[in-house]
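Asks: Below are the chains, spelled out letter by letter.
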Amino acid sequence: MSDERFDLAIIGAGPAGMAAALEARRHRLHTVVLDEQSEPGGQVWRNVEAVTTRRPQDLFLFGAEYADGYPFARRFRACGADYRPGARVWQVEVAPPPSEPGPPASLALPTAGRLDTGPDDDAVHVERRHTGADRHVYFTDARGSHHVAARHVLVATGAYERPMPLPGWTLPGVLTCGAAQVMLKSAAMVPSAPVVLVGAGPLVLLLATQLLRAGVKPAAVVGTVPPANWLRAAGRLLPALLAPGYLSKGLSLIGALRRAGVPSFAAVTDLRIEGSACAEAVAFRSRGREHRIAARTVLLHQGVVPNANLWQSLGIEHYWDPGQHCFRPVVDTWGNTTIAGVLVAGDSAGIGGAEAALCAGELSGLSVAWQQRRIDTAERDRRAWLTRRALKAHWSVRPFLDRLYQPPPALRVPAGDDTIVCRCEEVTAGELRRLALTGVAGPNQMKAFSRCGMGPCQGRLCGLTVTELIASIQHRAPAEVGCYRVRAPVLPVTVGQVAGLDRMPGG
Amino acid sequence: MFRSLREDEGTDVRIAQVTLSVDGEACTLPAGAPVASALLRLGSIARLTGLSGSPRAPYCMMGVCFECLVEIDGVPNQQACMVAAADGMVVRRQDGHRAASGVSSR
Ligand code: FES
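These protein sequence lines are chains E and F, in that order.
Numbering-wise, the first sequence is residues 1 to 507 according to this note's numbering.
Numbering-wise, the second sequence is residues 1 to 106 according to this note's numbering.
Hints are not guaranteed to be accurate.
Said to hold, decoys possible - A few chain E residues that face chain F, going by a derived Cβ cut-off under 10 Å, partial list only:
no.	residue
1	Glu36
2	Thr52
3	Arg55
4	Leu59
5	Gly63
6	Thr176
Unchecked claim - Computed Cβ-Cβ distance ranges for the label pairs, DEER-style:
no.	chain 1	residue 1	chain 2	residue 2	range
7	F	Thr28	E	Arg487	31 to 37 Å
8	F	Asp87	E	Pro239	49 to 55 Å
9	F	Thr28	E	Gly255	46 to 52 Å
10	E	Phe60	F	Ser21	50 to 56 Å
Just so you know, these hints were derived from the structure itself, not from any lab.
We put the CB at the ideal spot given by N, CA and C, even for glycine.
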């Protein structure tokens, strides 16, 4: 087994992970960054180095924010962190010796008042330095399985798209909007026409305009925002206007789609994707009328949710955020969790977007430098001051966006019994509802009875649906219903890969 | 389901291309593109489900959904969206396979 020992191990090289690495290196922390992609950037800046250097003619497709990723990635590569691309982490191990203190006493569950806000200035600080034992990170790359030890671990695994269980969503030809962006960024490919975008959220608008620029005019943008969401969001418009640039960006995207004459539908219901061997059409009701739009590629999006498996496998205390409709880890202003020496930053701690993730990553890097006595409290707080203000500004748009784009109930828990909830094990909403009515205690029992969540995706694409389905049938709060117990390894690992760990010295 | 951005302009010489085969069918891709993009380009499904034998194709392209499990160069249950295409790769569709055997999800 490898003897490599670091001050800080960062999992994920998206905005949060890169920002944390830059800050950690500023204070000379011996830092390793493990990322599953072949280039830094995360999903937002996916493939930005290759696009910038090898396909510069395509940069215009993605806009200025994407291009900003290139200089940032260059700085990250030059910062002196040991960057390991293609590394897929399957386990983080925290085995505190008996002498090590438990969860920091000052870390309390957020109160209801700040559930839909990000970390803010009044949030509790963990004024305790973790100086205890190493944490262990296990990962696999093209050369085999490896292990590194580090005093601190930062989980910066980002987000993925919220599952959108509708009739027909398992048909070939149905993908997420994010998948279409990956295709454009990493394979220079566009979806075959007719393309229909279905759902809600900034990414739908962004992707539609990117496809337009790429010469693929969507056959339709089918919006799912219920009218009631506008009313709920309106009250949060004022703080949203103070957040830098978000709303004007959204309006300009909408304008571009209008000018291009992309047909759009709003507040649709009764959504379904039709087809036998692959997707053929999207059908829905809008303003009291039935519509059916032919499609070869259907791109779904219903916002993003934290990529939580890794921190969940550590047993970090978490809570249900009713604004974002997902579980979030309890963290302080710096990203410290209830497990000493483990931090979570960026979207994997709650959806704040790339700009907020940059700030959060930086704050986590500062906190680790402080905990390892590279800087004193005064310097930490002085350096954090501006970043925390920026973080707060970026979060001020969230209450508006979260309310506006809150997925309607029928898209979180399918109304029809035949709709597949668990794609891996082909478990339907009807079967889950029957079990929920018989009184299953929670998601774990549901899994044992139905195999829902037992497939290779390990519940990533059914977990939230199962929680909300049980909650709605049994009239309980999602927080009380809870979520799947996630255990390592968080990726399917073969016996050979685990065995290879011992045979292979060196990381 | 997908086509090249520059189908009409021919191959861009600045970008290295690789050719792999999917169930015997050749597919040329930009180097570094995920194997799953070949499946989507060919309109090919990745696997048939174990229970009902329904066809599935890549869905998330970011390692989350596991719908893209294929056999690559003889090794089964590889996430095609997480593996970069390389020249001469042999990709095969899987029928009814579940997760990697051995230590696996619970
Ligand atoms: S397409 Fe979802 S894991 Fe590969």
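Asks: Let me make sure I understand: some of the numbered hints might not hold for this structure. Which ones are they, in numerical order?
Replies: Hints 2, 4, 5, 7, 9 and 10 are the ones this structure does not satisfy, whereas the remaining hints hold.
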